[in-house]
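Once you have looked at the hints, place chain B on chain A.
Protein chains: 2
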Amino acid sequence: MARSRLTPERESELYEAVLDLLREVGYDGLTMDAVATRTHSSKATLYRQWGSKPELVARALRHNKPVRLDEIDTGSLRGDFHEMVSRADVDQLERDSALMRGLAHAIHDNPDLLQALRELLIEPEMTGLDEILRRAVARGEVAQDNPALKLVPHMMTGALIVRPLVDGRPVDQAFLTTYVDAVVLRALGV
Amino acid sequence: MARSRLTPERESELYEAVLDLLREVGYDGLTMDAVATRTHSSKATLYRQWGSKPELVARALRHNKPVRLDEIDTGSLRGDFHEMVSRADVDQLERDSALMRGLAHAIHDNPDLLQALRELLIEPEMTGLDEILRRAVARGEVAQDNPALKLVPHMMTGALIVRPLVDGRPVDQAFLTTYVDAVVLRALGV
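Line by line, the protein sequences are chains A and B.
One point on numbering: in the numbering used here, the residue at position 148 of the first sequence is 148, and numbering is uninterrupted.
One point on numbering: in the numbering used here, the residue at position 65 of the second sequence is 65, and numbering is uninterrupted.
No lab work stands behind these hints: they were computed from the structure.
In this text the structure is predicted, and so the values were computed from the model without any measurement.
Glycine included, every Cβ here is placed at the ideal spot set by N, Cα and C.
One thing to keep in mind: the hints can contain errors.
[To be verified] Selected chain B positions facing chain A (in silico; Cβ < 8 angstroms):
#1 Arg101
#2 Arg118
#3 Ala159
So that you can see chain A by itself, here it is in the shape it has in the complex (with noise of 0.2 angstroms):
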């Protein structure tokens, strides 16, 4: 796919639009009709550079993550998961999660939207985890045998969808930072 024939500022124009559509109308209700009326562009382009729907959709989220954990490195796990609460924009976090309570419905009906969903965002989102995850056990932090590693992001994501449903309250951040420490840490025993 010829994506290079867009420019950066246009793809980001065009992923906010994908984003807005779905918080309006949810992934069943988008169709690349209305994206390419929103955004100005042929549905031609679209397919092209894109492939389908899942993808796009996939992509426009990898694109508005909030926090680039790559680009965390405190020298200690707290450190490193605060840094990431911290960086976090909680009015992001509130329609993120909004949003992925939306997609966490569609993919129950889309299958090929939860594999895009799983590869291109989902994936690598965990190799960033991950990576944070490696080097609190080459420090010493965290057992390499801890069964907690391949839990975290099930316990993250969790407390991210399930807040409103449990407490009546959206995301923020201190409810973020006692998650942390309260659950993930401990269960990792640090």
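What follows is chain B alone, placed relative to chain A:
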């Protein structure tokens, strides 16, 4: 509300029909008309018995709950959590996981649904869980001021909702057992 006018069998039938419809068309697609048609009731009866769609949905989910937490008391916290997992009907868990993802999405646009779910489903369920945790504190298994005590619902519900997204696989008993041991009990210091 004169809920007593319905026999338990009839009430059960109605709740099953509501859950079937929820799985088929989602919360936004579910209408009182469709429930009335499916269950051969009048809409007037439905409103008299349940007052509103959010309340009907919350009560149907409560009726369907896969494990009675208030029946579990094995004498240890690890035993209670493992009993919870082993009593869970895995097929129903997967069905409920899909239902919960759909509802987690719907609450974003329906604050009255969130309120009904919290009052009629989540809070009573929390009471059962609180009781299990309260006994563990009383036995000295968990420190009274452990901050993870308040976060058990987030950990558990998160695992149920997130697993398909992160691992591309449905929830099963082996995963839940690992999660309980590696995350929940570790965070609680057991």
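Flag every earlier hint the structure violates by its number, smallest first.
Of the numbered hints given earlier, the structure breaks none, since each of them holds.
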